[in-house]
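Just so you know, the sequences run in chain order G and E. Anchor point for the first sequence: position 241 equals 241 in the UniProt record's numbering, and the numbering is continuous, going up by one each time. Anchor point for the second sequence: position 180 equals 180 in the UniProt record's numbering, and the numbering is continuous, going up by one each time.
Because the hints were derived from the structure by calculation, they are not lab data. Some clues are possibly wrong.
So, partial list: chain E residues that the calculated Cβ filter (under 10 Å) puts toward chain G [what the hints assert, rightly or not]:
id: 1; residue: Phe6
id: 2; residue: Leu10
id: 3; residue: Leu15
id: 4; residue: Tyr80
id: 5; residue: Leu82
id: 6; residue: Asn96
id: 7; residue: Ile127
Ranges of calculated distance between the beta carbons of each label pair, as one might list FRET restraints [as the list claims (entries may be wrong)]:
id: 8; chain 1: E; residue 1: Ala4; chain 2: G; residue 2: Gly30; range: 32 to 42 Å
id: 9; chain 1: E; residue 1: Arg11; chain 2: G; residue 2: Gln140; range: 41 to 51 Å
id: 10; chain 1: G; residue 1: Ala273; chain 2: E; residue 2: Thr86; range: 30 to 40 Å
id: 11; chain 1: G; residue 1: Arg12; chain 2: E; residue 2: Ala210; range: 41 to 51 Å
id: 12; chain 1: G; residue 1: Gly21; chain 2: E; residue 2: Ala4; range: 38 to 48 Å
id: 13; chain 1: E; residue 1: Asn282; chain 2: G; residue 2: Arg85; range: 44 to 54 Å
id: 14; chain 1: G; residue 1: Gly30; chain 2: E; residue 2: Leu46; range: 32 to 42 Å
id: 15; chain 1: E; residue 1: Ala4; chain 2: G; residue 2: Gln140; range: 46 to 56 Å
id: 16; chain 1: E; residue 1: Gly164; chain 2: G; residue 2: Gly138; range: 49 to 59 Å
id: 17; chain 1: G; residue 1: Ala273; chain 2: E; residue 2: Gly164; range: 54 to 64 Å
id: 18; chain 1: G; residue 1: Gly117; chain 2: E; residue 2: Ala93; range: 26 to 36 Å
id: 19; chain 1: G; residue 1: Asp103; chain 2: E; residue 2: Ala93; range: 34 to 44 Å
Please read these numbers as outputs of a predicted model, since none were measured by experiment. All C-beta atoms in this analysis are idealised placements derived from N, C-alpha and C, irrespective of residue type, glycine included.
Protein chains: 2
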Amino acid sequence: MTEAEFIAALRRLPLHAGALGLGDDAARVGGFVVTTDTLVEGVHFLSDDPPGDVAWKLVAVSLSDLAGKGAVPEGVLLNYPLSGRTWDRAFLAGLNACLAVFDCPLIGGDTVSLPAGAPRVLTVTAIGRDAAAPVRAGAQAGDRLWVTGTIGDAGAGLAVAQAGSGPETLLAAYRRPRPRLAEGRILAPLAHAMMDVSDGLLIDAWRMAAASNLAVTIALDAVPLSAAYRAYAGDDPLAAATAGDDYQLLCALPPGERPTGHATCIGTFAAGAGLQLTRHSNPVPLPERLGFEHRA
Amino acid sequence: MTEAEFIAALRRLPLHAGALGLGDDAARVGGFVVTTDTLVEGVHFLSDDPPGDVAWKLVAVSLSDLAGKGAVPEGVLLNYPLSGRTWDRAFLAGLNACLAVFDCPLIGGDTVSLPAGAPRVLTVTAIGRDAAAPVRAGAQAGDRLWVTGTIGDAGAGLAVAQAGSGPETLLAAYRRPRPRLAEGRILAPLAHAMMDVSDGLLIDAWRMAAASNLAVTIALDAVPLSAAYRAYAGDDPLAAATAGDDYQLLCALPPGERPTGHATCIGTFAAGAGLQLTRHSNPVPLPERLGFEHRA
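Let's have the full structure, built from the sequences with the hints guiding it.
Right under this line is the structure:
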């Protein structure tokens, strides 16, 4: 089955009311939000990626889903395959650093042994509290689209990793993303819809619009790019907006809300369907690829 | 690292108060209990095991940890590697059956793709509510040791599976274990300590005693064996008491509590340390192997 077919089949099982039809990045259970992510060696990370960075990213990816709900991290559970002393130790160091930076304790987990030579498969389940918990599907016509931070740094960081050298700041954006928990706390109570940007700005904005039964127009010239990105990759926002792993937050805010300093306004929702792009107010054709569409 | 070394290292990370020092089978988060289990193809199940049975066991193993806390299942999250249409469909059928039987909805999850040929790695995280949540370490000197159901059926069922034929009821105990959720609800409010029996009655009883800083004596002639077990494997309770995958509940009750009909009294806790066995009140030497000691 494809991922879409499998999820469609899961929707025919008994679903929890807080599962939101399996259409969101986190579920609501009591006063908590819950999300889980699995990373696979050779698919989501490379065998020679530093183990500490794998640990960081594994946790950060789940905390980013909590950030998208405006939650405070309550803690995480870890499912870990024992991987040899050197790898295990480096993984633990990165795990410790990430948990400390984001003030997120370990709740529990499970350790397993894998057959020799099997790729590592790691899972983190994150629980958050006190979340305003806006959904992905709540945008309204007339809402503005806002995004936190800068876009494209992680994508450029992947290119740096592949090239073997380049700006450290971009590499860090790729290897040690920083979930926008503080911004999530500020934006969630204001937002009609919110989600994190994991697969690319354009595809994730399109998904928010589609889930909300709306069209969205993005002004490419408004997409925030870092100085490091511009120096390394140039001024074209289209490459940045179709790269993955940003882990910024994307939200739909009523026109009167202007959380300047925490996010940048880059677009508008309207009745209709689909994604439109503009540059200096002129229409721009969509690129062939909006982001990581088929990533499972 | 060994599993014990890795868990010792995890204990030096920031821990959630409800993690109970990572020494229990489930953590407490708000009004909930949370547990997670990973099953690996070639380690915890075989490539030719029926996929529906793998799904059932994956969920049942986690629900058994909830039963050990006396919890009502709130729901589960599933981390699933897409495995081809036939396997996926059979897995979904078993998942549906297990969720329906135990009245447990799906909360969420994550699907991934594995590299070609990689062993399947599956995770379920279960959340329970309304738990009295006795811990493993709470037994007191003078408490009696009680166990639900019968012991050894799943171990005999594994032998049936390996032989390719034998009593269906034993095979079902191995392939589709039934977490003792109802018994858990009754026993948890009475128990000083409780846990599920997953690695073998003797080793798990020894673990409860060790966690409680006590000795435990088990009367082997009191260990409940099913008629099917006796007919297939004979009357020796030692083989049954060292086999795994029972998913019964083991609890320490004050001497005055007698939940007859829900459990069987098989032993006594006392000051001291270690496990002693008796048969018809005479001491019996410990077997070399108490259960699955090194299972990760």
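Evaluated hints:
Interface hint at Phe6 of chain E: satisfied, since its Cβ lies 6 Å from the closest Cβ of chain G, which is below the 10 Å cut-off. Hint status for Leu10 of chain E: holds, given a least beta-carbon distance of 6 Å to chain G, under 10 Å. Restraint check, Leu15 of chain E versus chain G: the minimum CB separation of about 5 Å is within 10 Å; hint holds. The interface hint given for Tyr80 of chain E is met, as the beta carbon of that residue sits about 7 Å from the closest beta carbon of chain G, less than 10 Å.
Checking Leu82 of chain E against chain G by beta carbon gives a least distance of about 6 Å; that is within 10 Å, so the hint holds. Checking Asn96 of chain E against chain G: minimum C-beta separation of about 5 Å stays under 10 Å; hint holds. At its closest, the beta carbon of Ile127 of chain E sits 6 Å from a beta carbon of chain G; the interface hint therefore holds under the 10 Å criterion. For Ala4 of chain E and Gly30 of chain G, the hinted distance range of 32 to 42 Å is satisfied, since their beta carbons lie about 34 Å from each other.
At roughly 48 Å, the beta-carbon separation of Arg11 of chain E and Gln140 of chain G lies within the given 41 to 51 Å, and the hint holds. For Ala273 of chain G paired with Thr86 of chain E, a C-beta distance near 36 Å keeps the hint of 30 to 40 Å intact. At roughly 45 Å, the beta-carbon separation of Arg12 of chain G and Ala210 of chain E lies within the given 41 to 51 Å, and the hint holds. For Gly21 of chain G and Ala4 of chain E, the hinted distance range of 38 to 48 Å is satisfied, since their beta carbons lie about 42 Å from each other.
A beta carbon spacing of about 46 Å between Asn282 of chain E and Arg85 of chain G agrees with the range 44 to 54 Å that was offered as a hint. At roughly 38 Å, the beta-carbon separation of Gly30 of chain G and Leu46 of chain E lies within the given 32 to 42 Å, and the hint holds. Checked against the hint of 46 to 56 Å, the C-beta distance between Ala4 of chain E and Gln140 of chain G comes to roughly 54 Å, which is consistent with it. In this structure, Gly164 of chain E and Gly138 of chain G meet the distance hint of 49 to 59 Å, their C-beta atoms being roughly 55 Å apart.
The hinted window of 54 to 64 Å between Ala273 of chain G and Gly164 of chain E holds, with their beta carbons roughly 56 Å apart. Range check, Gly117 of chain G to Ala93 of chain E: Cβ separation about 31 Å, and the 26 to 36 Å hint holds. Taken as a hint, the range 34 to 44 Å holds for the pair Asp103 of chain G and Ala93 of chain E, whose Cβ atoms sit roughly 42 Å apart.
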